[in-house]
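J.: Top to bottom, those sequences are chains A and B.
So the mapping is simple: my numbering equals the position in the first sequence, first residue as 1, plus 29.
So the mapping is simple: my numbering equals the position in the second sequence, first residue as 1, plus 29.
Any given hint could be a false lead.
A pair holds if it fits inside one copy or across any two, identical chains being indistinguishable in the list.
Stated by the list, open to error - No farther apart than 25 Å at their CA atoms in a straight line, the calculated lysine-lysine pairs in the DSS-like style are these:
1. Lys-116 to Lys-70
2. Lys-87 to Lys-99
3. Lys-79 to Lys-192
4. Lys-116 to Lys-211
5. Lys-188 to Lys-80
6. Lys-99 to Lys-254
7. Lys-79 to Lys-208
8. Lys-248 to Lys-212
What the hints contain is simulated information worked out from the structure, not anything from laboratory work.
This one's a predicted model, so the numbers in the text were calculated from it and none came from an experiment.
Listed below, chain by chain, are the residues.
2 protein chains.
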Amino acid sequence: MEFDEKISRRNLIKGAAGIAGVAALTAGGLGLLSKAEAAPKGATLPYPYKKFTAAEIKEAGNIAHAAWFKGFCSYAALIGGVEMLRKKVGEPYTSFPVELTTFAHGGTSGWGGTCGTLIGAGVLSSLCAGPKIGEAINNEVINFYATSALPIFVPDHPKAQIKTTSTSDSPLCHLSVGKWMKKEGVGFLSPQQMDRCGRLAADMCMKTLEYLNLWADGKFEPKTKAPVFANEIPSQNNCTECHGSNIPKTSGPFGTGLDLLKGGH
Amino acid sequence: MEFDEKISRRNLIKGAAGIAGVAALTAGGLGLLSKAEAAPKGATLPYPYKKFTAAEIKEAGNIAHAAWFKGFCSYAALIGGVEMLRKKVGEPYTSFPVELTTFAHGGTSGWGGTCGTLIGAGVLSSLCAGPKIGEAINNEVINFYATSALPIFVPDHPKAQIKTTSTSDSPLCHLSVGKWMKKEGVGFLSPQQMDRCGRLAADMCMKTLEYLNLWADGKFEPKTKAPVFANEIPSQNNCTECHGSNIPKTSGPFGTGLDLLKGGH
């Protein structure tokens with residue numbers, strides 16, 4: 030029960046940024062791959078990272094936008110960074126199978142869950158900064174995604190003109206693209222929707238690279254509290270957008286696991 | 030606009046299984062990595078696959094369950110397969126950075142979106158069968174996830190005893206773990222919840238391997254229609270579970286993009 034022992038009240042409070050902190054503790058404490066083991070090249074994260082210039086971040090955005098039309102959102106957000114890193118760094122990015130999260134488009138194989146751009150972006154930050162910092166960066170990128178009027182990026186070669194931006198208030202594909210389509214007055218697989226999603230892939234790729242640059246300079250500070258701490262369950266923070274008056278309580282039977290987090294801090 | 034040209038009514042209908050079909054068309058038609066290009070070892074999917082025996086599938090399940098306590102759900106579902114494939118096949122699995130989707134736990138960095146087991150499972154099927162078949166397998170695995178009373182797998186070394194199973198009716202972490210915790214009467218990060226999620230990681234890993242075995246035998250037939258075809262937006266199929274009487278129409282302005290799919294089939 031080594032994991033359970035790690036989840037002591039003291040450690041969780043020290044761990045700070047929510048479940049990201051728990052992951053950090055376990056990844057740091059137990060070691061997913063001990064450095065003492067001789068791991069083959071490519072197996073151990075992070076891969077080498079070289080900071081992007083502003084022009085290179087924009088280039089990554091244009092690559093991501095164009096790539097949406099080849100492999101959709103998750104592939105797009107990932108390849109924007111990886112293609113540049115193949116040029117800037119080479120191996121092990123060159124041998125990295127970048128198509129491995131293509132399935133995550135449309136909220137995972139079209140099921141409307143987590144926006145695929147956030148999966149591609151999370152793989153990018155994990156490759157470059159390792160699973161612990163990669164997740165902390167992804168948490169900030171998701172917060173940016175959920176609270177910003179998107180898309181922001183204007184590609185050099187748009188495939189459609191679009192009129193509107195919208196704020197998803199959610200990391201979910203269904204809510205994000207649904208709200209935007211309603212505002213724009215277009216349907217799914219319309220040229221406008223496809224270009225909008227390509228621009229979002231660019232936005233998430235570029236925001237991830239901005240955070241990676243900060244981290245490379247020793248200036249990345251996690252600011253977004255993972256929602257699990259507020260709600261005692263993995264979740265968004267805006268409960269009433271989905272729930273009516275029947276929101277399950279997170280104290281009482283739902284608080285069992287996180288009672289240890291209450292008081293004292 | 031090569032992508033747009035691909036989305037003709039004829040091709041979409043031929044493409045069959047929903048947005049998986051669209052992905053198939055683009056992946057097949059345009060080529061994310063042309064075979065004519067000399068791709069470095071590891072970069073091109075699929076990797077070699079060797080069928081698992083029933084005993085090996087169970088072993089993968091036990092690895093996944095145990096791994097939850099080191100890296101949570103997405104890592105667990107993925108390492109269950111990859112660790113076995115490192116033994117059975119070796120490279121390029123040995124050099125594969127298996128921690129790259131650890132961030133996807135808790136519905137992506139704890140935000141309650143797509144269950145991380147489905148992200149890990151999707152990477153596993155994509156690695157072994159490529160992005161096109163990998164997605165079709167992931168679509169079946171998600172359907173299994175959303176419609177089955179889970180968990181099913183009983184690990185050799187459970188870390189907690191659990192009483193109940195529940196059907197999520199959703200690929201979302203928040204709904205899946207929330208419904209189960211309510212039924213079991215426990216909270217998040219309780220020993221029971223953690224063991225339940227470890228068992229779910231095993232279930233999704235093992236189901237993915239079962240489908241990969243079928244595919245290796247030429248017997249994999251996609252049966253689950255991607256929800257986007259029914260709903261004209263990436264989504265679950267049970268709209269009223271979240272929506273009240275205010276379900277946006279998917280015909281009219283929402284049907285624009287998929288009008289081409291109507292009639293004729």
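J.: Measure nothing new, just compare the shortest in-copy and cross-copy C-alpha distances for Lys-188 and Lys-80 to 25 Å and report within, between, both or neither.
T.: neither (29 Å within a copy, 43 Å between copies)
J.: Within, between, both or neither: how does the pair Lys-248, Lys-212 come out at a Cα-Cα threshold of 25 Å?
T.: So Lys-248 and Lys-212 fail the 25 Å test inside a copy (37 Å) and across (44 Å) alike.
J.: When no copy is specified for Lys-99 and Lys-254, does a C-alpha distance of 25 Å or less occur within a copy, between copies, both, or neither?
T.: between (35 Å within a copy, 22 Å between copies)
J.: Is the C-alpha distance from Lys-116 to Lys-70 at most 25 Å within one copy, between copies, in both cases, or in neither?
T.: Both ways: Lys-116 and Lys-70 sit 19 Å apart in one copy and 17 Å across, limit 25 Å.
J.: Between copies, within a copy, both or neither: which fits Lys-87 and Lys-99 at Cα up to 25 Å?
T.: within (19 Å within a copy, 37 Å between copies)
J.: Is it within, between, both or neither when you check Lys-116 against Lys-211 at 25 Å Cα-Cα?
T.: neither (40 Å within a copy, 50 Å between copies)
J.: At most 25 Å between C-alpha atoms: does Lys-79 with Lys-192 qualify within a copy, between copies, both, or neither?
T.: Neither. Shortest intra-copy (36 Å) and inter-copy (50 Å) distances fail the 25 Å Cα cut-off.
J.: Regarding Lys-79 and Lys-208, is the shortest C-alpha distance of 25 Å or less found within a copy, between copies, in both, or in neither?
T.: neither (37 Å within a copy, 44 Å between copies)
The structure fails hints 3, 4, 5, 7 and 8 (numbered hints given earlier, in ascending order).
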